[in-house]
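> Use the sequences and the hints to build the structure in full.
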Amino acid sequence: MDPTERRPSSDLPPDILSMIGGRLDNPMDILRFRSVCSPFRSSIPPLRRNTSRVAFPGPFAAVFLCWSTVYALETPEGAASGPARWLLKLEELELGRVRILSLFSQGRMAFLPREFPKVLDFLQFRMVEICREYTLDYDSRTRGLVHVEGIRKVLMHPDCVGSDLDRCSVYFIDEYGQLAYWRYGDENWSHLDHPEDFVFDDIAVYNGKVCAVDYFGLVWEINESFGLQPFPTSIYGSNSNHHPDDDGKYLVVSSGDLYVVDTYYRDGANESHPFYTVNTSMDYFRVFRWDRQRRRWEEVRSLGNSAFFLCKHRSFALPPCELGGCHGNCIYYAEEADSIFSMIDVKVFSLADRSIKCLDFSDSILGMMNTSRLK
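Under the UniProt record's numbering, residue 375 is the last one in the sequence shown; the count climbs by one each step, no gaps.
Wrong hints could be hidden among the right ones.
[Stated by the list, open to error] Below 16 Å or equal to it, Euclidean Cα-Cα: the simulated EDC-like pairs (lysine to aspartate or glutamate) are:
no.	residue 1	residue 2
1	Lys312	Asp291
2	Lys118	Glu149
3	Lys118	Glu74
4	Lys312	Asp247
5	Lys312	Glu298
6	Lys209	Asp257
7	Lys357	Asp345
8	Lys312	Glu149
9	Lys209	Asp186
10	Lys209	Asp159
11	Lys357	Glu335
12	Lys312	Asp159
13	Lys209	Glu221
14	Lys312	Glu175
Everything labelled a hint here was simulated from the structure, so no lab data went into it.
In structure tokens, the structure reads:
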């Protein structure tokens with residue numbers, strides 16, 4: 001056989017295929033891998049029938065860790081309406097059936113835009129997983145699964161969806177800002193040991209470690225013994241000045257860097273602030289990046305070409321290659337609805353000129369974003 005001749009992938013040894021398949025933890029990648037050919041399909045087991053729900057112990061009967069996945073989807077060139085890029089959040093109900101949820105909440109979407117594909121052929125569309133979002137739900141018997149009240153943020157680490165769960169832990173922040181965890185094999189949840197007056201706003205995985213940010217702008221790393229190790233300084237530097245009028249902090253990991261987005265709501269202009277120039281009530285953001293070499297936080301005026309999405313259960317960064325028509329160096333967020341019947345207004349904050357614009361559609365109706373419309 002000519003050594004320069006390309007051999008078909010189906011000729012790969014079974015042990016190599018098994019090693020490759022064993023490293024896949026994205027349900028979409030597993031589906032595509034098993035669809036290549038018979039040797040690929042037989043090298044790894046099929047997906048569980050329900051891949052978006054795992055039972056865990058908790059204060060209620062039948063508590064489940066549920067997750068959904070945010071994807072960047074690109075329709076093929078030959079599509080009737082032409083190629084388009086979408087951001088959408090999918091929850092897999094059972095194998096072959098998915099539900100589209102709102103990007104900024106967990107609401108189910110009943111209406112889809114006319115230009116959205118009628119059939120999602122995951123083998124034909126280009127789909128890139130952006131992140132997974134977790135919630136704790138319980139079986140209400142009458143309404144099905146509903147969110148456990150008082151749970152704000154949930155995170156699983158390592159993120160072993162589709163893999164063995166005996167090496168994972170689940171972390172959550174409750175309504176009082178207290179940080180708790182559950183380790184596989186434990187009978188109950190446990191709270192991390194920290195002062196009672198500490199209030200945590202967000203959790204995320206950075207550099208392979210679970211990190212949490214508190215109300216005072218200090219970021220903590222959770223070690224293997226579930227102890228808290230603080231970063232050297234808060235985002236406000238040596239002054240440790242926190243802003244009592246801030247409205248929470250978000251952790252975002254972008255291109256391997258850790259960011260803290262500090263949010264405010266200001267009533268009227270504050271002329272003493274160097275960035276605040278608009279004389280109306282508006283939201284306001286400051287962004288800090290962790291400098292690993294200097295081991296300190298630096299306030300940044302640019303996110304490069306990336307865009308940040310601040311969502312209710314999980315915030316994420318959209319890389320430049322997936323932006324499409326979406327503007328970079330911006331923060332996308334949603335205003336809280338006054339009631340369950342109100343629409344969620346999606347807004348975009350530009351770090352370049354500190355301006356805020358409302359998008360021309362409601363996320364409550366679309367449940368997804370065509371990135372060519374995020375302008």
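> Does the structure break any of the earlier hints, and which numbers would those be?
1, 2, 5, 9, 12
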